[in-house]
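Q: Residue numbers (our numbering), protein chains in the order written: chain E, 873 to 1180; chain H, 40 to 553; chain V, 33 to 400.
In case anyone wonders, no lab produced these hints; they're calculated from the structure.
This structure is a prediction, so every number in the text was calculated from the model and none was measured.
Every residue gets a Cβ at the ideal spot worked out from N, C-alpha and C, and that includes glycine.
So the derived label-pair ranges between C-beta atoms look like this:
id, chain 1, residue 1, chain 2, residue 2, range
1, H, 416, V, 254, 12 to 22 angstroms
2, H, 296, V, 339, 49 to 59 angstroms
3, E, 932, V, 228, 54 to 64 angstroms
4, V, 390, H, 115, 23 to 33 angstroms
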Amino acid sequence: MNLDHLIPILVSTVIAATPLIYAALGELVTERAGVLNLGVEGMMLVGAVAAFAAGIATGSLILAFIAGMLAATALSLLFAFLSLSLQTNQVATGLALTLFGIGLSAFVGRSYAGMPIERVPKLDIAGLSDLPVLGPLLLNYDLPVYLSIALYFAVQHFLTRSHAGLRLRACGESPAVAHAIGAPVIAIRYKAVMFGGAMSGIAGAYLSTALTPMWVEGLSAGRGWIALALVVFATWKPLRVLLGAYLFGGVTVMQLYAQGFGVAVPSEFLSMLPYAATIIVLVLICRDPKTILLNQPASLGKSFHPDA
Amino acid sequence: MSATAALPAPRLRLRGITKRYPGVVANEAIDLEVGVGEIHALLGENGAGKSTLMKIVYGVTRPDAGSIEWDGRRVSIASPAEARRLGIGMVFQHFALFETLTVAENIALAMDEPPKPAALAARIREVSEKYGLPIDPDRLTHSMSVGERQRVEIVRCLLQSPRLLIMDEPTSVLTPQAVLTLFETLRRLAVEGMSILYISHKLDEIRALCDRATVLRGGRCCGTAIPREESNASLARLMIGGELKACQLVPRTPGEIELELTNLSVATRDPFGTPLDGLNLRVRSGEIVGIAGVSGNGQKELLAALSGETLSPHGGMVRIGGQPAGRLDPLQRRALGFGFVPEERLGRGAVPLMSLADNALLTGASAGMVRHGLIRRPVMNRFARETIAAFTVKCSSEQALAGSLSGGNLQKFIVGRETRLNPKLLVVAQPTWGVDIGAALLIRQALIDLRDRGVALLVISEELDELFMICDRIAVIAQGRLSPTMATGELSVERVGVLMAGGVSVAEAADVAA
Amino acid sequence: MSPPDSLRRRLWPFRLERRATPSAAMRLASPLIAATAMALTGLVVFLILGQDPLTAFRVFFLAPLGGSYEVGELLLKASPLMLCALGLAIGFKANVWNIGAEGQLIVGGIAGSAVALFGSDALGTLTLPLMLLAGALGGMAWAAIPAFLRTRFHTNEILVSLMLVYIAQQLLGYLVHGPWKDPAGYNFPQSRAFAEAAILPALVEGTRVTGAWPLALLLAVLAWLFTSRTHAGYRMQVAGQAPAAALYAGFSDKRNIWLALLVGGGMAGLAGISEVAGPIGLLQAVISPGYGFAAIIVAFVGRLHPFGIVLASLLMSLLYLGGETAQVELQLPSSITGLFQGSLLFYLLAADLFIGFRLRRIPRPVTP
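Only chain E is shown next, with the shape it has when bound in the complex:
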């Protein structure tokens, strides 16, 4: 395989990884605050359909992304209200959110199925994007790709360097202790959940306006769940989310290219690859229970109420 083949594969990898980066970094922040939101898939779908609808209605891609973000945030707010204010079981509530999101997006999106939408344009940096190799490989993506990397730096800085990030992590380790030393646990967790929702919304918007600029039912095809697995794979560390997302992006893309190159394996088996890879990666990471014990926020998924 020569460079001419490799470059498009790498470029597609980066693009396929981008929605995973948004969704997984959002969920990472949520989980570091101690909240397990299994509704990523549902929020992504609702974000995708909202962005698509807004894009069709206004013709503005910026408004499309904002709509996707707002819709998914609204859904995450519902989750936050139930799981944080009403103390429902986080696993059950997250599942409910996904099932609801699948239903809602299918319902809203029915009239948009098959419609065309303008794709998010690639940046064209005055001449630079035309450079050989470097141009297509680094300088010819759409804006959300670059922003996803900026998001990584922001999340990394927030969690490790900022006071607010320290407090957020405290809520994930021990909400009772965080409350006792004066951190507003519920408010922090609300914000973390909403951040996760907003990022899932962007991920969804990217799916329906950039990755596959169209709407079909179940567009995300399990990417929300893969994002959840990525957070575990990354042992709750942002850098590893980034690397993991590119790894998964690569697996997805290889499967497409393998089909294109006429590899003698039925396409269905190639389509299984990302899901099988998720399982394998989970096994590798979880094999030693100490890895999880050391890195997982100690209070992940446990309800907390300051009055109790």
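Guided by the hints, dock chains H and V onto chain E, whose structure is given.
A: Structure of chains H and V alone, referenced to chain E:
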């Protein structure tokens, strides 16, 4: 300290504080005053409502009725953040520190607008030196001893320049020597005008340290006293409302070896746990052996290795009734006559949302409650009813949910269950932790009765007084190692204290020297 | 008191207070409250869609109960939901979150179909029982993967079982597009039709309901006996409610996980084969409209109790049928069903709060 009289308004005044929980009144119409520069004791036995009251002052919980005055001004303390803004600091009984963070990070966490890391580290050093509380701002908390962690907590409070410092049972985690060091620090702070609210149920300490005491009993305020002018007995009368009864331990000759640990070493899965290092111990039938020690020195790991929740490297390291049991699971150990009362009642010793009858089945399957894989409710119900009667457990019936019982009553039920399953060897962790005096007496007597019936007992407790009361022999666990046992009669509290310090970490050794 | 706090108190002068004992009445009432809230939401949605709410309500919720054929359809759709939910509930009670029933259902359908496609000539009357057995075993085998990975490698069964749904869908797609495709089927992605001996007969003339319904009822009774009468069922409940207590008592974690997943997988597999051998009659690319996922909702709405699940599966089945009639008669999108199902679970979770808590007015602060 006569500063109290100098100012018209006390620093803190509580009036008629009332807090009800479903089924319990934790605090009823409590009045309390703390003057400027006063060390004020809040005295009461477990379950008297001390912790609830302090949580109210610190804004963790809100009262149902009553008022709080701060420097003569009425305030409402809605959250710990608000309490700290007023100038109230609190050192928690179970420390509010994050293991994975450094000392400085832990301290910054509690500040609303922390200074730059370098400036903060300098301030930490400055304060810690001034009050003789040496700590290193850059150290990770999980590597620190309990005494050092308490210093971090105190320094964290002091950095906020509080005017009232609340200390919740601060000595329960300290060696007797470290207690003396702590008292010196507290006295120095009081001289500088800080008010200290000191919560304890240890009478000696209160008499040594405090200017005044408010005594709680059953959620009510039942009097104030000048501790220096009281005796232990008179304070105890105030606290309990009657005479303190002691248990009788009649000497008897122990029989066969029921539990034998031979060079028991177990690594730990928990990254912050304590590995066990070459433990040797023998417990014979008809004796009670106690294990003293500051919590976090391997007690949890030892209990898990005894119960079978963790397996030992070799079967012979743990022998029950002479049989190698180190590789057996908990059920197989029970079949050898092993019984166990764990430290955590709700969620471990009992399932909160199940009835007492259902909880009887938790460990009672061998007592005829299961036949051919099917459970036999009548047997469970009868067993639970008899346990309730024999141990005077206060509950509506055997169908009451375990979670609805008070700590003391649930502990009586669990001890009763384990006792009535006829163990040859019973291991009990913290038998009376958080239990009212009446229940504590009953439980201790039940353990002594078992001993007199020829059962071998191993009691692990942080309460030295208790161990001295009921044990024939005592060993001390420190840093995952166990001292040889010593006959209780030939042992002094000071000697146990030195052993508890373990003499392993340098910092802890400094505590001993001080 | 800070201003936002006092404002909050004026707007919402209540606070949640934990009940001393969970309310048994609320435990029963909360699914009813949730169903009512969902129906009210339905009215609002119909209004927004420009429908006469009462007509739409009638079409959606009442028309599917119109006659014996309709009731038959209700039971037909309720059967796979009930089968899946019964198995899931046993796992959920033990804190084992198998959410891949959809995949186990598909693999059960595939395994049973293998018997029908390749053995029905030789097996005769044994065909159907062996198909059901193969279906259950297929579902179990698929569920054994997350069980093995969780007990051996500590992987999260939620993610693994869910990933296996996508893999199962691809596997089914491969079979009906490839080796199992009916050569005489005009290139449709489906197998040849099952022989008569491999089809579950209708129980009642004029309906499509099959023996899967009484089988599911029987299994509901067995599930109830298992949870309430056996020591194994008790051990699983302890593990779910208080994992530390289960460890203390020496109940094997691994055994619970295996049992929960195998039972859940087996029941889902049965559901799969009873669909394929029942109303569908052949293997095709899609054999379930998401029964395995809807069963999660059924399990919760049914309070994880076998008899509750029987009722909840009927309600969910009604929602599926309502979606279909609404599509035919009112031209509403059938995906409205998913919307109702999701909101039903939300309402239930919210209403469940009042099992453990009650709302109390915040006492006014005493004025000095």
